[in-house]
Structure formats: structure tokens, C-alpha cells
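Mind docking chain X on chain W? Use the hints.
Protein chains: 2
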Amino acid sequence: MKSDTEAKNRPYRLPTIEDVARLAGVSTATVSRSLNTPDRVREETRNAVEVAVKALGYTPNFGGQVLASRRTNTIGAIIPTMGNAIFATALQALQETLALRKVTLLVATSQYAPEQEQVQLRTMLARGVDGIALIGTERSAEAYDILTARQVPFALLWSIPDELPYLTIGFDNTRAAAEVARRVLEFGHRRIGVISGMTDGNDRATARLRGITSTLEAAGVVLGPEDVIRCHYTLEDGEAAARRLLSGADRPTALICGNDVLAAGAMRGARHLGLNIPADLSVTGFDDIDLATAVSPALTTVRVPHKRMGASAGERLLEWIDSGHQPQSLSYSAEFVFRDSLAPPSSG
Amino acid sequence: MKSDTEAKNRPYRLPTIEDVARLAGVSTATVSRSLNTPDRVREETRNAVEVAVKALGYTPNFGGQVLASRRTNTIGAIIPTMGNAIFATALQALQETLALRKVTLLVATSQYAPEQEQVQLRTMLARGVDGIALIGTERSAEAYDILTARQVPFALLWSIPDELPYLTIGFDNTRAAAEVARRVLEFGHRRIGVISGMTDGNDRATARLRGITSTLEAAGVVLGPEDVIRCHYTLEDGEAAARRLLSGADRPTALICGNDVLAAGAMRGARHLGLNIPADLSVTGFDDIDLATAVSPALTTVRVPHKRMGASAGERLLEWIDSGHQPQSLSYSAEFVFRDSLAPPSSG
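Here the protein sequences come in this chain order: W and X. Quick note: the first sequence uses my numbering, first residue -18, plus one each step. Quick note: the second sequence uses my numbering, first residue -18, plus one each step.
To be clear, the hints were calculated from the coordinates, so they are not data collected in a lab. One thing to keep in mind: the hints can contain errors.
For chains that are exact copies, the list does not tell them apart, and a pair is met inside one copy or across any two.
[Unchecked claim] Calculated pairs, EDC-like style, for lysine to aspartate or glutamate (alpha carbon to alpha carbon, straight line, at most 16 Å):
hint	residue 1	residue 2
1	K35	D126
2	K83	D143
3	K288	D303
4	K35	E123
5	K288	E316
Next comes chain W alone, as it looks inside the complex (with noise of 0.2 Å):
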């Protein structure tokens, strides 16, 4: 009999293929046999490893796979937050193309900060992982050092290759953003404010605004530093943001945001001020998430493939990892979605 130190320090032993084989007296190759090709056993055989599995609840150990081929069926992702229906459901996409190959996903969000995904980073390589999820291309070269000393296959979504050697699931943000303003410009805007991202650290947030200033600033509309807002990706910071580009006295007539989330702030403050959308103010989302077309009227947005970016990178991960050759990046269109938010500035 075990010491009670002993069992105290093992109460989670997972029970092996010994243990079945024990419990339904008979061997374990049989055990195996009767899991993998019931038809070659006899049925009362059968039966008894049933419930001997059942007893234990004894699931086929992929732990001895992984020690074989030195995999650990795990992928590990780390994104920004969760608290944006964006890249959830990225990673809900990405977790479902895993599981029909029976690898699990592991989950980190950074809250937008280079230095804690780093140390997220160092945390599942030391866990072992075969792959790794990452959104966008900027990090410090230290990060990208990690990963190819690992030689760990890793694909960077939400981005374009913007002349990196690595694995690129994305789009390109500055041309998205681009036709966004172009939109706005075309519907005659010529006052406009603009709620952008924090851009520090953030490639797509940088390269939105990239989009829109460059494009206004073709057409003759030159943004002042007191016409750009930088703020952190919440409904509240869009909403302050757009009380204080609209209080003063020649107030913008269209605010092009960097994201769904700030759009729908905006809406929010600019009711508050007693505005009246799209009369009053015109306002431009990003992403096309439900909140999109949850508010009233509908954000005129960019539909980002969010679904698609999880799925492929869980896609050429695995083949990454079969084939140990790194596979082409994947490039697609983000689409401009014309909403009731957006119309021409009211004439005075």
C-alpha cells in the first residue's frame, strides 16, 4: 500500500492502457485490439474493456504520441484581448480547424503590450509548443530572435508581409483604411476628425492611420495634430474622443474611427451632444463585428476576414509543422461595407 504522501502527491494520475488491461483481466494488447478494431474481439472480450474504460475513464493516451514524435498536438495563440468579438471569434475559428486534427489550443492575451506577449511567448515555448498564432508583425527583433532559435513554426495574422520573411495571414490595413477616407472624401467631407488606435507597438492601428491621412492629405485635407485622437480601443475612450473633436467651434463632419468598438462610442457621445446621425455627423467603423449593425443607423465599415485569417493560420501551421517547410502567406481583401452612418455633410 501507498504512503499517504505518496498518493497525496499523484491524485491525478491519468490511467493507462495497464490499468484497463488489469481491470478487464486481459492484456493490453487486447485492450488495444478491442479500442481500434472492436470487429477482431469477441464480443464479451469487447465488453469488459467497455466498462473497464468506463470504470476509469480511460481515453487513448495522446501523451505517448507526443513523446514519439516529440509533438505536443498544442498550438498556442496569443492575442490582444478577448474582449473584442474580432479576434475571439478568430480564435474560435482557429480552435475549430485545430480540433478536426485533434490539437489543442492554448490562449494568452497581451492587452496590446509588446513586452507582456513576450513574456507570454518565452512561457509557452518553455511549455512546449508546435506552433504559435501571433496578430501583426510589429515586436521587438529580440521576440523574432526567440522564435526562430525555437525554429518554432509561427504565422503573424491581421497583417501583410511589408518586406518580413515570415508566415503573413492577413490584409492590407493602410489600402482598407485608404478607401475608407476615400468614401468619406467622395460623400464631400472636408471637415474630418479622426479616432484612431493607440499606435504604439500596433501595425494596424499605425497603418490605418497611415491610410487616412495620406489619403486625405492627396485630396487637400491636411489633419491637424488636434484632429487625430489616439485612445485605447474601448467604447468609453471612443465616446470621450468624439466629445472632444466635436466641441469645438468648427466642428468635423465626419469621424472615420479605427475600429467598430470606438465608432460605436463615438455614436454614443455624439447623442449625447444631441447630434443626430448621419444628418449632423457622419461616423465610419472598422472590422464589421455585430455591434456594427447592432447600432442604429448601421456603421458603414471594412469587413475583416477574421474568420478566415484563424482558419488558414490553423491550416498552414499544421501543414508547417507536417512538412517542416515554412508555407506562403496568405493575402486577403477587407472588404468596405456601405452603411446608413455614413452621407453627405448637411449644407450651412
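Okay, now just chain X, sitting in the frame of chain W:
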């Protein structure tokens, strides 16, 4: 030199402390001392170790500890969907709590299908996790048998004990929904429609619907089968349900919805029918996610303690894993939040 085949089979071998020692030209004991008590090592030695650590991408390997303690330093979580911010944010709180202890989070989504949850449960257990977080109490006896046979600590979130001996960390869905119904009645509504989530296999949806119908019945408002629609928790289903409930002759003056997503969908449906909220129709939600204050008018709803449930699940599971003893269950209150979407019915 290794053969190609050998190299191919081991592309992702984690660098070991021996590799670092070899490269730095010191003993493994010196590497260990250099990492753990750097002030006890000469600067040149420390630098040499540092260079080797960086070059190899070495991180102190938790794997060794896993074997020693039979722990995987992993907690699994199976939630219905990441599409709804309420679960995603709870998951994030859980992950942040676990990260403080260098425990990582494995994630799977069941799409509200108990049989899919059971498959994921088996996969996670086969893979090896120290504990598991699940949503709700309603699942097959077999699923509970698997969990208890394995002696894996597990926590059930979002529900209260309900006579089960398991660790639950939740709130009283029946009571919270009953409170919403009571407030709707107080405002003078008598013609009331209910848009519920699917109740099959979902104890939370069942409890909320029970809380609503029993409160209404106690006040003499008896719902017919045509007054209650069960649907999936999506904007589209909420909208379709509202259109159906509002299309009859004696249409409801209030719609009580199973969550905020359904309520936002119902508001959209009402708007399309030309109804004004709350003048023509009151709408209530449940959860108090961002969506609730992004829509206009803002939703009367119930604030679900999602972050606290996520964080507490992490704490209690780690406590259980450490002590070997199942901790006490936790019951939080869910607060009624009054906002502009609820008002008296217009006379007529």
C-alpha cells in the same frame, strides 16, 4: 553529424540546460546558478551564459517540473462560444489569473452542444490538464462520470449548486430573470413576449425562462406558447423572433430577452417595423456587455459578474490542485441595471 531524417524528426527540440552549458563552456550547475542567483557568479561567466541563452532561445524548462509533480501547469476551459463577449471576457479573466502562477489555458468551444463538449472533455483529459472550467451544470451523467473518475478538479461557472456536489462559481439565473420580469410588470406591462435562448441542454437559459414565466404567472400574466420564442443567441435570431412576436394583432408592449445580443436584435427588428423604443415597445436584455450601452436607447439588463467568475474559477481551481481538497462553491449576485429601453406602455 546527424542524418537528414533524424534532423527532420526533431526540428523543434527544445534547447536544454546542457546545450546552454556546452555553448557557454561551463557546467550545468553554473548555468543554473547564473540564472537563479546571478550575483553569485562572475560577470564574464554570467555574460557567456547570457549569450548562450539568447543564441539558443533557451527558457528554463517547466517540462522538468511537470514530470516531477505530475502536473501539466495547464487548465482547460470549454465555453459555449467565443462569439459572445460575456464568455470571452470571463475566459480572459481566468487566463490572467492563471498567468500569475505561470499556468496556461487550453481553450475549446462547444457551440452549446453537450455532445461536442464531451468530446472536447475527453481530448483535454487525454492530453493532460490539471483542472477544467466548464459553463453551467446541465450535461450527461457520463460527462460527470468521466470527470470524477479521473479525479480532475473542475469548476462549473454561471450556475448555482442546484443540489449538485460539485464546485460551482455562479449566480442565480432564475432569480435575476425574475427580477427583470417583476420590473417590467411594475411599469404596467401586461402583454409581454419572451425571446429566450435554446433551453435544451442549457440550464442557464432554462432557469432564466423559468424565472420570467413564474413571475409573470404569479401576477396573472399567463404566456401562451406563441408568446415565447426559443432561438440561438444571435442578432439575426433576435430580430426574427421580435418580428414574429410583433406581427400579431394584439402585439406585446414589452419583450424580455434571454441576453443582450437577442435584445439588440429585437430592437433592430422593432425599428424595421417602425416602432419606437421605449414609447411603443420596451426591451430588456441580460449580461450587460458593451452592446447594452452601445445601442440606443441603452438596454435595461442584468449585470452578470463574468470577470469575477473567471478570476475566481482560476483561484479556486489552483487552490484545489494545490491542496487536494475541493473548495467551497461561490454564489455572486447579478445586479439589475435600469436604462432607457424600459418605460411604461403607451396608453391605448
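Which hint numbers doesn't this structure obey? Of the numbered hints, 2 and 3 do not hold.
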